[in-house]
Each structure stands twice: as C-alpha cells, then as structure tokens.
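There are 2 protein chains.
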Amino acid sequence: MRREDSLLEKIVKSSSSPWMDGSGTMSDVVISSRVRLARNLRDVEFPHRMDEKSSNAVMEKVFRAVSDVNARKAVSELTCIDLRDVSPLDRQVLVEKHLMSPQHAQSLPGRGLVTRPDERVSIMVNEEDHIRLQCLYSGLELDEAYITANGMDDLLDERLDFAYDDRSGFLTACPTNVGTGLRASVMVHLPALAIGDEVSRVLSAVNKVGLVIRGLYGEGTEGQGNVYQVSNQITLGQTEKEILENLSLIAKQVVAEEKRYRETLMKSRRSALEDRIFRAWGILSNARTMSSGEAVKLWSDVRLGVELELIDGLSVTHVNEILVISQPNFVMRAHGRTMSPEERDIARAELVRRHLATMKP
Amino acid sequence: MRREDSLLEKIVKSSSSPWMDGSGTMSDVVISSRVRLARNLRDVEFPHRMDEKSSNAVMEKVFRAVSDVNARKAVSELTCIDLRDVSPLDRQVLVEKHLMSPQHAQSLPGRGLVTRPDERVSIMVNEEDHIRLQCLYSGLELDEAYITANGMDDLLDERLDFAYDDRSGFLTACPTNVGTGLRASVMVHLPALAIGDEVSRVLSAVNKVGLVIRGLYGEGTEGQGNVYQVSNQITLGQTEKEILENLSLIAKQVVAEEKRYRETLMKSRRSALEDRIFRAWGILSNARTMSSGEAVKLWSDVRLGVELELIDGLSVTHVNEILVISQPNFVMRAHGRTMSPEERDIARAELVRRHLATMKP
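Keeping their order, the protein sequence lines are chains A and B.
For the first sequence, the working numbering begins at 1 and goes up steadily by one.
For the second sequence, the working numbering begins at 1 and goes up steadily by one.
Hints are computed from structural coordinates only; laboratory data are not their basis.
Built from N, CA and C at the ideal position, the CB exists for glycine as well.
Please note that the accuracy of each hint is not assured.
Lysine to any residue pairs mimicking SDA-like chemistry, simulated, CA-CA at most 20 Å apart [claimed, not checked]:
1) Lys267(A) - Ile346(B)
2) Lys241(A) - Ile147(A)
3) Lys73(B) - Ile147(B)
4) Lys297(A) - Arg288(B)
5) Lys267(B) - Arg288(A)
6) Lys297(A) - Leu314(A)
7) Lys267(A) - Glu343(B)
8) Lys259(B) - Glu309(B)
9) Lys267(A) - Arg288(B)
10) Lys61(A) - Leu160(A)
11) Lys267(B) - Glu343(A)
12) Lys13(B) - Pro88(B)
13) Lys267(A) - Ala256(A)
14) Lys73(A) - Thr148(A)
15) Lys13(A) - His318(A)
16) Lys252(A) - Ala194(A)
17) Lys259(A) - Leu249(A)
18) Lys259(B) - Val206(B)
19) Lys297(B) - Asp275(A)
20) Lys53(A) - Ala65(A)
21) Lys13(B) - Asp82(B)
22) Lys267(B) - Ile346(A)
23) Lys267(A) - Glu342(B)
24) Lys61(B) - Leu171(B)
25) Lys297(B) - Arg288(A)
26) Lys297(B) - Ser15(B)
27) Lys252(B) - Ser204(B)
28) Lys267(B) - Glu342(A)
29) Lys208(A) - Glu198(A)
30) Lys10(A) - His318(A)
31) Lys252(B) - Met26(B)
32) Lys297(B) - Arg214(B)
33) Lys259(B) - Ala194(B)
Quick list of simulated restraints, FRET-style, between CB atoms [stated by the list, open to error]:
34) Asp197(A) - Met266(B): 37 to 45 Å
35) Pro102(A) - Ser14(B): 57 to 65 Å
36) Glu198(B) - Glu343(A): 23 to 31 Å
37) Ala205(B) - Ser315(A): 49 to 57 Å
38) Arg116(B) - Glu342(A): 51 to 59 Å
Generate the whole structure from the sequences, applying the supplied hints.
Structure below.
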C-alpha cells in the first residue's frame, strides 16, 4: 500500500482544480461534467453492514489493485490515501474540492480515497458502495469523463471481482444505483436565468424528464452562486449511452436557455448588468469580512461578467478558484488552524482579496 | 461692470473648492466653517418688493463698489457675475458648490454673484437681502472666516450706505437676521456617531442651546452623508463675538463626541468598520450607475476610513471632491448637457470612478 502525503498536501493547499479550469465544450455555462460508477466486491457485505476488519480488507484489496494498475504504467499514477491518516480538516477540504462526498469525510475505519495529480479521477473506497469511481472534467464533457471512467473500471475489473447479476447489472448498496451503477451530472451556472427569475421554470422542466437538481455542494445548497447540478435519477433500465445522451441533450437545452437570457440582458439591461458585475468585483476585491454564501454569490456575478466579456483581463480559471477559496475548510486549511466563523470570514476576505490582487480588470 | 466668464467657467468645471481641501483646525470632523453677513442699502426696498429697475440699480451699485475695491488691490480680485448671463445649469452648479443659495439660482432679474478664484468669499446680490456676504473656510475656522467677512464688509461699507439702526443694528428683510446680520455655521461630518446611532442624541442637545441643524444642502437634506450644518438661530441681542464663541464651543463638543465614538469603534468593532469602509471604496470605484444619495453615503464611509488612517494613500481633498462630483448639476455640466436621471446615474458613476482611478489605496 502506497501513501503519498505530498499529493494530499498539494491538493488541500491548492485553490485550483482541473475540473474548474474553464476549458471544454460550452464552458461559458457548463462548469463541469461528472461520471460516477458504483461497484462492489462480490460476496462482501456492503459498507454500512461491514465491521472494521472487513472494511480494512476491502480497502487493502482495492489499494492493491490500484498499485497493480500503477505498476502497468498505462494510466497516470494514482495515489492511495487511507483517510485515517488524514486530519478532519483536510478531509473536509477534499469534500470542498469535490473529490469525495461529505459522508465519506466521517472518520469511520476503512475508508479510503484514490486520486491522481490532475484530480480528474477519484475513487472513494467504502463510501456507500465499496467503490465509487468518479471522473470530473471541465465543460460539457460527459463522453470524455465516461471514457476515462470506463477505462479505469476495466482496469479495476480485471483485478477485482465485482458483484454483477446478469438480470440486474451491477449490484449496489442502494437500489437506485443498481444496473449500470452510473450516475452522470453536469454542473451549470445560470446567472442570467436567475436575474430573469426563470431558473425555477427551466429546472422544473428538467425535473419532469426525470433528472434531479442539486446545488454546488449537493442537496440543500441549491441556487448557491446560481450553480446547479443536473443528474440522472435512475441507473436501471437505461444503457450508459442512453443516460449520457439524455443528460447531454437536456444540458444543451439549459445552456441554450441561459445563453438566450444572457443575450436579452446584454440588449435590454446592459448598464444595470455592468453595474451589478462591477459592484460584485469591487466588493469581492475590497471587503474585509465575508461569508462563504456572499463570496459565492459575488463570484456568480463576476463570472458572468467574464463570460460576457464585460470585464477584461480576468481568467475564468482564476475566477472559478474563488469557489474553492471561499469554502470554510479551505480557508482554515490555508491558515493552518480551526477558526470561529468570525475569524474565518475575515480570513476568507483576505484570501479572496489576495487571489484577486494578481488580476486587474 | 466687469464680467469674467473664465472664472465662472473654471468654477463650474472644477470639482475642487478650497473650503473642502481638508485643511484647518479639527478638519477630521469639521468640514468647513461659514460666516455670512446680511446687509441692505438704505432707503431701497428689500429684494422681494423690488421691481426690475431698482434691482438692476442695486446690482449696479454693488458691482461698482466691488470694482472700486478691486482697483485698490487691497484684497484678492473679485469677479462680478450678472446671473442673467449664467445658464440655468451653471447656476445650479454654483448652488452645489455652496457659492449661493438655491433661491438665488432662480432666474429673477437683477440677481448677481461676486466671488474670487479661491471661492472663499462670495456675495449674493439681491437674494433675500441686497447683500449676503459669505466667507467659507475649511476646518473649524470661524474666526478666520469672520475676519475676512468683516474686512470685506468694511470695504463695502465705505462705498455703500448700509441700512443701520442704532437700536436694532443692521436692518434685514427677515426679522431673524436683524441685529448683527451675522449667521455662522459649521459643517460637521459625524459618521461614527451615525454608526453608533447617537446622532439624534447629540444634535438634540445642540438644538436645546438654540442652534439649528441643517443638512449638506440646507433644510431637508439632514443626514445625507452624515454631514450636518450647525448654525446660530438668532442674530439679535448677541454680539458677533458671542455668536462665534458660542457656536465654536458647541462645535468643539460635537467634535469631541464624534472622536470618542471613532475611538470606540476602532477598539471594539475594528474589523466590521474596516469592512464597511473598504466595501464603500470598492463600490465607489467600480459601480457603473449610482444615485447622488448613494455616492454621498459611500463618500461618508471612505472619508471616515481616510481620517482613521485605515485607508492609505488617499488625500482628504481628493475624497471630499466626491461630494461635488456626485451632485446632479455638476454631473450634467461635466457632460455639457441635461440628462435623464438614469443617464445621470451612469455619468456620475463614471465621473467618480475616473476621479478615484488616480488614487490607489
């Protein structure tokens, strides 16, 4: 079993992640695309029923398989992390960087994380399922993400015995994941629809075709920064191809609606829009104390300004990093200690300010 | 009669006035001090009863006296302006620059204005009285302003026959001005008392000792930018010295209260205060549309930041000019045309932004 603290250290300290670098198709609206596969080892109880011994055994098996994949040097080198070796604060930062779920950050034994320097691939070991393989790409790149996920899945499948039933497909801890075990999602930024008060109309249409909407950080964070994650609800009875095509189609429709509203705003309310965007920039780059909610809200306006080319000289990558920088645990990690909410708000404002000081619109 | 369009042009175009240059005693709280003398010519009806012919005659007499004063070269050269030769827009700018009253800007015949390049002295001819001589100084400089006003009064008195009664003193159109004809006022900036919600307590104490409170632009503008003008109510039954000493004493007490609150804020709420100040700076220097009310409100916070040395590298003079720049008629004059309120808000934001772009905190 390999551990590389240096990669963990690098990840929790860096505000940038490739999934938010502003590249990829339709990246002016689609922040990122994610494909996640749920897999379980045959004849081993699901994680919520496992004792410490068997969860350790599963983690060891998975890590050994990953080591073997690394040895073949066919893909970028993966790093295995036993989460017991990661501080609670760092685990929370891994959640904020979308490398693992909030549930996975809880300090239960036998939980592991596998990732690689570009953070595009991550594997949660012993979350709800034994293996949750995630591929995260910037822009609308579901196919790209699926190809990577599928390749990783094949490499692991050659080394591990996955629970699979010819009738049901892949078996999973929760019945909603049975079948392909695939969940795909796109994270979209809908600031113009939000200004036009049209988000709920658009999203309820998305809901009607069986897709689910979540916020930037899962359920309960809907609407934060006008960012929404659209994902498939059902994994059974549809092929991988159907799931991805369906989601991609809907995402493109949402993108078209958002872009139509951006054009409308530019035509009919340009000065109000510019004012809103530059005020957001002025506050973000000057405030001395700021909540994460406010930072994400202001980020939304500034990002819209960059995408509409109303603000010059800002890079989308750099602007997107505000999303990570403004999260509570990232702020505390950057300062190397836990903080009261008041201290954190001051530290956050300072981090954001320093981050933006390198850019001048 | 002399007319110098060049001085008028210079005044209405410039955002700076010596009375707001941040110099003088206690200028961290006291913006300016004003002494005004009301005088009337003997045996001529008061302006509100005059016909065009007699008002023209009064203006001519006053302008001739001023010319004669100029010829002696004892004081800075004064410029006489017949307000009929001044556009309505420029007249409003002269009001916004505190060189004359709103009433005086109305286009009645025979109204004149005398001033000089440093704008410290101005004489309204045929406002409520034939002569209203004003001296305006930065900081708490009532004595300085009175000395200048008195000197000018003497020079005019030698050349004009003022209506004076041994029992009542100088006769004026409104009985509240009879006596010394002197009104003195100080313009104070009370942002810390405003944050502490203590302004009304302090000002009601001021009211109780017979002083009047007005706003930045007279009655009805109280509280704009947390600026208040404190002035004497009565001119009869008190000597000039008593009036000035009384006002000066009260002003010093108000200054002490404001400074005590500034210290309290710095001790107990420094980060909230810094945040407020820098947000104001961020919005002022980035917004794309802004009402005059908002500009003055933000100015108040930025000025407090400069006085408390929380913002470095800003000059008080430069910051104070925002007060002039943000006024509606100054904005339109700078653009050379009348504008709708919406256009004006955009033009104002641009003027303020350009003004601040030369400063970097």
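Hints and how they fare:
no.: 1; hint: Lys267(A) - Ile346(B); verdict: holds, 17 Å
no.: 2; hint: Lys241(A) - Ile147(A); verdict: holds, 11 Å
no.: 3; hint: Lys73(B) - Ile147(B); verdict: holds, 18 Å
no.: 4; hint: Lys297(A) - Arg288(B); verdict: holds, 19 Å
no.: 5; hint: Lys267(B) - Arg288(A); verdict: holds, 16 Å
no.: 6; hint: Lys297(A) - Leu314(A); verdict: holds, 18 Å
no.: 7; hint: Lys267(A) - Glu343(B); verdict: holds, 17 Å
no.: 8; hint: Lys259(B) - Glu309(B); verdict: holds, 14 Å
no.: 9; hint: Lys267(A) - Arg288(B); verdict: holds, 16 Å
no.: 10; hint: Lys61(A) - Leu160(A); verdict: holds, 8 Å
no.: 11; hint: Lys267(B) - Glu343(A); verdict: holds, 17 Å
no.: 12; hint: Lys13(B) - Pro88(B); verdict: holds, 15 Å
no.: 13; hint: Lys267(A) - Ala256(A); verdict: holds, 17 Å
no.: 14; hint: Lys73(A) - Thr148(A); verdict: holds, 15 Å
no.: 15; hint: Lys13(A) - His318(A); verdict: holds, 15 Å
no.: 16; hint: Lys252(A) - Ala194(A); verdict: holds, 17 Å
no.: 17; hint: Lys259(A) - Leu249(A); verdict: holds, 15 Å
no.: 18; hint: Lys259(B) - Val206(B); verdict: holds, 17 Å
no.: 19; hint: Lys297(B) - Asp275(A); verdict: holds, 17 Å
no.: 20; hint: Lys53(A) - Ala65(A); verdict: holds, 19 Å
no.: 21; hint: Lys13(B) - Asp82(B); verdict: holds, 19 Å
no.: 22; hint: Lys267(B) - Ile346(A); verdict: holds, 17 Å
no.: 23; hint: Lys267(A) - Glu342(B); verdict: holds, 16 Å
no.: 24; hint: Lys61(B) - Leu171(B); verdict: holds, 18 Å
no.: 25; hint: Lys297(B) - Arg288(A); verdict: holds, 19 Å
no.: 26; hint: Lys297(B) - Ser15(B); verdict: holds, 18 Å
no.: 27; hint: Lys252(B) - Ser204(B); verdict: holds, 16 Å
no.: 28; hint: Lys267(B) - Glu342(A); verdict: holds, 16 Å
no.: 29; hint: Lys208(A) - Glu198(A); verdict: holds, 16 Å
no.: 30; hint: Lys10(A) - His318(A); verdict: holds, 17 Å
no.: 31; hint: Lys252(B) - Met26(B); verdict: holds, 9 Å
no.: 32; hint: Lys297(B) - Arg214(B); verdict: holds, 17 Å
no.: 33; hint: Lys259(B) - Ala194(B); verdict: holds, 12 Å
no.: 34; hint: Asp197(A) - Met266(B): 37 to 45 Å; verdict: holds, 42 Å
no.: 35; hint: Pro102(A) - Ser14(B): 57 to 65 Å; verdict: holds, 60 Å
no.: 36; hint: Glu198(B) - Glu343(A): 23 to 31 Å; verdict: holds, 29 Å
no.: 37; hint: Ala205(B) - Ser315(A): 49 to 57 Å; verdict: holds, 56 Å
no.: 38; hint: Arg116(B) - Glu342(A): 51 to 59 Å; verdict: holds, 53 Å
Taken one by one, the earlier hints all hold for this structure without exception.
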